[in-house]
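Please model the entire structure based on the sequences and the hints provided.
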Amino acid sequence: MEEFLKHSLFGLSGLLGVVCAVLVVTRKNPIYSALFLIVLLGTIAIDFFLLQAEFLGFMQLLVYAGAIMVLFLFVIMLINPRGDSLPDEGGATDRWVAFGVALLIFSLLFTAIAKSPRLKEFDSFPGMAAVPETVMGTPARTADHGSLTAFGYEMFTTHLFVFELTSILVLSAIVGAVHLSLRPRRRKREETEAALDSSHGREEHAHV
Amino acid sequence: MSVDLIPLVTFGLLALVVAVGALAASELLGPRRRDPEKLTSYECGVPIFETAREPFHIRFYLIAILFILFDIETVFMVPYVTLFRDLGVFGLVEMGTFVAILGLGLLYCWKRGALEWD
Chain A
0 MEEFLKHSLF GLSGLLGVVC AVLVVTRKNP IYSALFLIVL LGTIAIDFFL LQAEFLGFMQ
60 LLVYAGAIMV LFLFVIMLIN PRGDSLPDEG GATDRWVAFG VALLIFSLLF TAIAKSPRLK
120 EFDSFPGMAA VPETVMGTPA RTADHGSLTA FGYEMFTTHL FVFELTSILV LSAIVGAVHL
180 SLRPRRRKRE ETEAALDSSH GREEHAHV
Chain B
0 MSVDLIPLVT FGLLALVVAV GALAASELLG PRRRDPEKLT SYECGVPIFE TAREPFHIRF
60 YLIAILFILF DIETVFMVPY VTLFRDLGVF GLVEMGTFVA ILGLGLLYCW KRGALEWD
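Quick mapping for you: the protein sequence lines, in order, are chains A and B.
Note that numbering that gives the first Met the number 0 has the first sequence beginning at 0, numbered continuously upward.
Note that numbering that gives the first Met the number 0 has the second sequence beginning at 0, numbered continuously upward.
Just so you know, the hints here were simulated from the structure itself, not pulled from any lab data.
We treat Cβ as the ideally placed atom computed from N, Cα and C, and that holds for glycine.
Careful, some of the hints might be misleading.
Derived CB-CB ranges, DEER-like [said to hold, decoys possible]: (1) A:Phe9 <-> B:Ala21: 41 to 51 angstroms; (2) A:Gly65 <-> B:Ile47: 45 to 55 angstroms; (3) A:Leu103 <-> B:Val88: 45 to 55 angstroms; (4) B:Ala14 <-> A:Val18: 14 to 24 angstroms; (5) A:Ile78 <-> B:Arg111: 18 to 28 angstroms.
Here you go:
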């Protein structure tokens, strides 16, 4: 019963995900595309839950479906596309090029996953077989934390360098976002301050 | 942690039945007297002044993007919380470096005035 439920849930979420993915690229109105992308990310979160990666599932929902999709909608609203202002769709050549690129990425991912030696560890649904039983003396797979502990252990020991690199990536994103969006405003403010200073100077001069 | 799926799926199915059932019952049993006035968008009972699709200031976007970036920082702290006893000083130094690098980002935002509204 349990296995049947898992498989049917996986099948349903996979089907819904594929349908939503097709709708994301075929809708003309980008807001509909963004909304279908939210559903698509939700189905991926269901897959994470089925693989017992609850932490990743919740983060998928919170960060991707919650926060990042808000940014997507922000960008769409900033551009503010309307029916008549939408650019024309590319011709048949563009579509074939896009299809070819998609096929290339798909085959790349498929080969990488199919050839992965870790695939053998996932012979059935219960994953995380590669996680050691103990982390520095305490059980890595406690009933309380499940894969969150295992995930954290992997991240803080094996992938320590990548974890620290992530902070530099996020730092560069912060600096880039602030720099790009503040530069014109800052210059304007300096100009107005300079103008104020010069007028102040003139006033003082007049007083003297 | 194994998720007990049967209660979860039962709950999901019940929620679906209640949601669809309530909508279907009101659609089938309720009286339907539609007129164009009723089908217009409702905005506090007054006629709509303008379209809701107005572009807004890029400042909101900066706030949102900074929120997400520091949100990601918090996400990385969650697994650390479950492991900080096991990882000890090693983990503290590791997490400290992470937070310090992102602290530089916060400092940059502050100095550039990105946290100010005007």
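Does 45 to 55 angstroms hold as the CB distance between leucine 103 (chain A) and valine 88 (chain B), or does it fail?
Given range 45 to 55 angstroms: holds, Cβ gap about 46 angstroms.
For the pair isoleucine 78 (chain A) and arginine 111 (chain B), does the Cβ-Cβ distance stay inside 18 to 28 angstroms?
holds (25 angstroms)
Range hint 41 to 51 angstroms: satisfied by the CB atoms of phenylalanine 9 (chain A) and alanine 21 (chain B)?
violated (29 angstroms)
Starting from the hint 45 to 55 angstroms, judge whether the C-beta atoms of glycine 65 (chain A) and isoleucine 47 (chain B) obey it.
Check failed, 29 angstroms falls outside 45 to 55 angstroms.
Can the suggested window of 14 to 24 angstroms be confirmed for the beta-carbon pair alanine 14 (chain B) and valine 18 (chain A)?
holds (21 angstroms)
The structure fails to meet hints 1 and 2 from the earlier list, while all remaining hints are met.
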